[in-house]
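Chains A and B, in that order, give the protein sequences.
Residue 0 is where the first sequence starts when you use numbering that gives the first Met the number 0, and the numbers rise one by one after that.
Residue 0 is where the second sequence starts when you use numbering that gives the first Met the number 0, and the numbers rise one by one after that.
Treat the hints loosely; a few may be bogus.
Claimed, not checked - On the chain B side, residues computed to face chain A include the following (Cβ under 10 Å):
#, residue
1, 1
2, 4
3, 8
4, 33
5, 76
6, 139
7, 148
8, 205
9, 207
10, 208
11, 210
12, 213
13, 243
14, 248
15, 269
16, 286
Claimed, not checked - Computed Cβ-Cβ distance ranges for the label pairs, DEER-style:
#, chain 1, residue 1, chain 2, residue 2, range
17, A, 176, B, 110, 48 to 58 Å
18, B, 167, A, 249, 25 to 35 Å
19, A, 189, B, 7, 31 to 41 Å
20, A, 111, B, 171, 54 to 64 Å
21, B, 206, A, 99, 42 to 52 Å
22, B, 31, A, 111, 35 to 45 Å
23, A, 10, B, 110, 50 to 60 Å
24, B, 105, A, 189, 34 to 44 Å
If you are wondering where the hints come from, they were derived from the structure by calculation, not from laboratory data.
Just so you know, even glycine gets a beta-carbon here, dropped at the ideal spot from N, CA and C.
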Amino acid sequence: MTASPGRSLWDDARRRLMGNRAAVLGMILLGGLVLVSALGPALVPYAYDAVNKTDVWVPPLVHGHVLGTDALGRDLFVRLLMGLRVSLAIGLVATLVSLVIGVAWGATAGFLGGVVDEVMMRLVDVLYTLPFIFFVILLMVTFGSNILLIFVAIGAVEWLTMSRIVRGQTLSLKQKEFIEAARAAGLGPGAIVLGHIIPNLLGPVVVYVTLTIPAVILAESFLSFLGLGVQPPMASLGTLIASGAQDMEMAWWLLVFPSATMVLTLMCFNFIGDGLRDAIDPKDR
Amino acid sequence: MLRFISRRLLVAIPTLFLVVTLAFFMMRAAPGSPFDSDRKLSPEIEKNIMAHYGMDRPLIEQYQTYVGNVLRGDFGPSLKYKDKTVLQILKENFPVSLRLGGSAILLAMAVGISLGVMAALRRNGLLDYGVMGVAIVGVCIPTFVTAPLLVLVFGSTLQWLPNGGWNGGALANMILPVTVLALPQVAIISRLTRAGMIEVLGSNYIRTARARGLPLHRILTGHALQAALMPLVSYLGPAAAGLLTGSLVVEKIFNLPGLGKFFVISALQRDYTVVMGMLIFYAGLVLALNLLGDILYALLDPRVRLS
């Protein structure tokens, strides 16, 4: 005789998520985008930085260039895939940076409470009111545009909201019986935070992470558009749109395809994020 | 109320102080100086210039001097635009940004609120789905995508509107940049309005008004709208921040003589005083608008207890 399988909260959430058509579509499309950006550049017979002076400004579907070429005769399709790869990577890594800082900060503040909490969160309040993008610009200008700095700079901006969410969750979690039980069992504060608090605040964190990734991609593209992000010949969606905007009178495809890719990517993440929020936190519907 | 305002102003002081400090030391940590140019200056001249601006003294001392000057309202001279002070640059260029941003937020409110109300009234109808679809897509299209695309279509191809330039703020020159700035705000405002409206329309006092036989437009203008728009008031601060960020891109693409265009250029040229002055100005602006939003909220909704 088999026991009827139990349904965990995560099972329920997954079922709700799979019932959300926009979110499922977003996941499928995003999976496709990730796949082509990961494998594509190896399959296209051009290198992303290969200059070809004879095939300059070739329109789409001519001379074997699916999406045409740019002012230096570089194949747009392969550059677009590389740019997508760079943008996705930046989105992922910078979000991870913000995740680590935000969770550590918020959980510490929420768990310790009292004066520590007051000071830590007041600092977040102060940072919150800064026009941060201007500081990121300043940072990029000051220390030059290297890709590592982009990760750090954007990640350092995005952790604020994360820390607020995590702190709020921690405050309510630490009142729960199982934390008291852990304390009674003799666990130290570090072990309780790592082993019991953090695993239990995953839900809202996951939701916020999926909404942070597009925000980061947007921020990076914004910097790249101003000429402060990824540097040539490397491409990101932002640099492609920026150079496309410069050459659009000559070659509309250089603007249109990167823009469309950008919008599609952001939409996928937003659909998934909205879907996850509805699935994990149904009371907000 | 007075206590709330003074408390918030007290929080604003360390924030602005942080802005000044961060900006000062970040700018100074940057390699290069405002006096780098194609022609190499002789060491004596460079020394003289540095001494003239007080940059030969220890950094901490310079910092103290700068903070002191800022407290007296003196942001110093620009290091690149020889005949201008930072305040003059702010005064000359901010009106352009203000006019763009102000028009954009007005346009966004008019369009966003109308769309949001209509969507809420026809909930789950075709119009609702249409508006919400546009809103969802709208937040995903960044300004640096809409701006060049609109220029390509309405400027270069159709030639209905100029591609850029300010032209003294002529209407034709304003249409595209203002539209670009307004679009993401329209998306957010219509969503906020719709959500607020749906909540309000389900409340008891609206049901009472309906039961009393008031016509729909009286219910909307007399009762529902002001309550439904409350979330918008607290959106004022974030909206201003969004417009400032957007203005960086828009002023660059449309080649407009606003502050946003100045910021990146000045930072690249290491025009220390201009960059710091602009940062302080922006931070103060965002702080002020946030505070204004909170005060308005409390005035409009007496249930809110400011603490």
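Hints not upheld, ascending by number: Of the numbered hints given earlier, those the structure breaks are 1, 2, 3, 4, 5, 8, 9, 10, 11, 12, 23 and 24, listed in rising order.
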